[in-house]
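Participant: Residues per chain are reported as follows:
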Amino acid sequence: MSSSRFQRGIGTLLVLAALGIVWAFMLYPAAWIFYSSLQTNEALFSGTFAGFTFANYIKIFNSGFRVFLFNSLVICTAAVLISTFVSVLAAYVFSRKQFRFRRLLFSSVLSGQLFPWIILVTPLFILFSRMGLLNSYPGIIFCYGAIAIPFSVYLLVGYLETIPHSLDEAARIDGATQYQVIWKIVFPIMLPGIVATTTYAFLLCWSEYLLALAFLSDEGMKTLPLGLYSFFGQDAADWGAIMAGSAVTTLPTLVLFLPLQRRLASGLAAGAVKQ
Amino acid sequence: MGHRMKGERRFVVTMLAPIFLILICFYLYPTAFNFYNSLTDLSLLGLRRGGSFIGLGNYVKLLASADFYRVLWNTAIWLTAVSVALRVVLGFGVALLLNSETVRQYRLVTLSRLILLVPWATPPVVAVIVFRWLLDQRLGVVNRMLMGLGIIDLPIAFFGDVHWVWPSVITIIVWNTLPMVSLTFLAALQSLPEELIEAAKVDGATGAQRIRHIILPHLRPTIIVITLLSTFWTFNNFLYVWLTTGGGPGSYTNVIATDIYIKAFIEYHLGFSSAIGVFAALLMAAFALVYLRVVARREFQEIL
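So the sequence lines, in the order shown, correspond to chains A and B.
Sequential numbering from 0 applies to the first sequence in numbering that gives the first Met the number 0.
Sequential numbering from 0 applies to the second sequence in numbering that gives the first Met the number 0.
Some clues are possibly wrong.
Calculated lysine to any residue pairs in the SDA-like style (CA-CA distance at most 20 Å, straight line) [to be verified]: (1) B:K200 to A:F84; (2) A:K96 to B:A295; (3) A:K96 to B:M4; (4) B:K5 to A:K183; (5) A:K96 to B:K200; (6) A:K96 to A:F84; (7) A:K183 to B:E7; (8) B:K200 to A:R7; (9) A:K96 to B:V12; (10) A:K96 to B:F19; (11) B:K5 to A:G10.
Keep in mind the hints are simulated off the structure, nothing from the lab.
Predicted, not measured: the structure shown is a model, and the values here were computed from it.
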């Protein structure tokens, strides 16, 4: 009896130890970012603790980081507005209407989720350079809008499919035009799905690096991830400032991610279990 | 009735026009243009002049180059197969751990979910930067710790030494993407009816038997979907390799995405780079077929 209790105690300890290892591996790098962003470089390299300081944050905001932050906000917001708007229109039609080529068109939009963006870099670079769209807001905004579309349609159609068709059909019989039905009935019902979609699209654009690297070379046009990395490349010794920049890049995604992750994880699992 | 049909069609076209306008401009046209460029000797330095038509020359060169096969091997085995296998196996382990009686009993599930959220939400650029510091040869915490413990005498060049470079890159990928896999598996585990496990326990099934005969069959579809999606997303990834090693040392860690970038923007051979792009596009078409048949059809039965 006591030996089985002893065994169970060992089992509990092993489980908790494994959990501790998982926590440490997951948290340590991120904790390191926030901790060292609040330290002076001297304290970091001597390994002593000398209280916390916001000096690194003040320093990066005075040295051009403000511009990166502003660019990221403008580009991502505009791109998300575009991608969500066109995706909502398309998602409604894909979910509610029967028409020729529906399967083909919907399949091709969905396949866009697997599209390797690296293939777009060379041709779009040539086209953009001929049209003067390199280092410009419109070029990168439409690009980001385009890469956010496939996943947005995927999420929105998935959401619409959970709403009974009878709701919007009833309104249709009442004599409302199709556009009125969308605006007054479908849009409000879809709102939670739209919020999740815009959040996801925003995160996608916020951390995008490759297209920004190819199309934005002017210091004044760079987005946060790009600006952060070039900062890292130039001045590899100023770790405190680099970590402050990393923290500024990560915080918004952390905040936006909290309400979203449960839906994404259970959505993937539920979609898979459906027969 | 005919009028109604016409109005209906006009409605569908109006609603789909904006999205397809963007998709054609930013996916279809660039892909076609890329194919055209792959048949020329276009150079980054002669963009205005344009390239001259050389037929399949770039493809012949590509298929004859030993470097290309090395790149393919790196992409398929190191970047994709190893990292996906690790994520799926570890992700399954972490999900089982978080769903275990002990963790639930101590009410640590929610806290663990929150902790897993942090790497998931960390932008890949930031993940690379922090790991490059942790693993730095001179200043990195990991080297200092290993030397302090007397495990190594000389610091390890994690991103410069061919024995360490892939494991280091893969560690970053696993850190950044394991939470998504784990939490998806956890969501699937939580949808498993409790009674099934209880009944199996009453029948005297051991832990291993329960995993094999109840949990794994229940998770099978989720495992398939996650494995496929991770494979597709990792295969064409540019960022992790580019920002850690730039494809080096030499071209030791070069993968398809970095190769396309290097050929175009470092070596200026846009035509040749486009040929590799066409190759990647064909692979993606194959991926898309699998995705549509196995993943999408399950989710959108009404439409597909």
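Participant: Now tell me if each hint is right for this structure.
Facilitator: Hints versus structure:
1. Of the supplied pair hints, the one linking B:K200 and A:F84 is violated, its CA atoms being roughly 52 Å apart against a limit of 20 Å.
2. Pair hint A:K96 plus B:A295 holds up; C-alpha atoms about 19 Å apart against a cutoff of 20 Å.
3. Our distance criterion of 20 Å between C-alpha atoms is met by A:K96 and B:M4, whose separation comes to about 12 Å.
4. Of the supplied pair hints, the one linking B:K5 and A:K183 is violated, its CA atoms being roughly 23 Å apart against a limit of 20 Å.
5. Between A:K96 and B:K200, the direct Cα distance comes to roughly 49 Å. Violation of the 20 Å bound is thereby established for this hinted pair.
6. Taking the CA atoms of A:K96 and A:F84, the gap is about 18 Å. The hint holds against a cut of 20 Å.
7. About 19 Å separates the Cα atoms of A:K183 and B:E7, which keeps this hinted pair within 20 Å; it holds.
8. Using a Cα cut-off of 20 Å, the hinted pair B:K200 and A:R7 holds, with the two alpha carbons roughly 16 Å apart.
9. Restraint check for A:K96 and B:V12: satisfied, since their Cα atoms lie roughly 11 Å apart, inside the 20 Å limit.
10. A threshold of 20 Å between alpha carbons decides the hint, and for A:K96 with B:F19 the separation of about 17 Å falls inside it, so the pair holds.
11. For the proposed pair B:K5 and A:G10, the alpha carbon gap of about 69 Å is over 20 Å, so the pair is violated.
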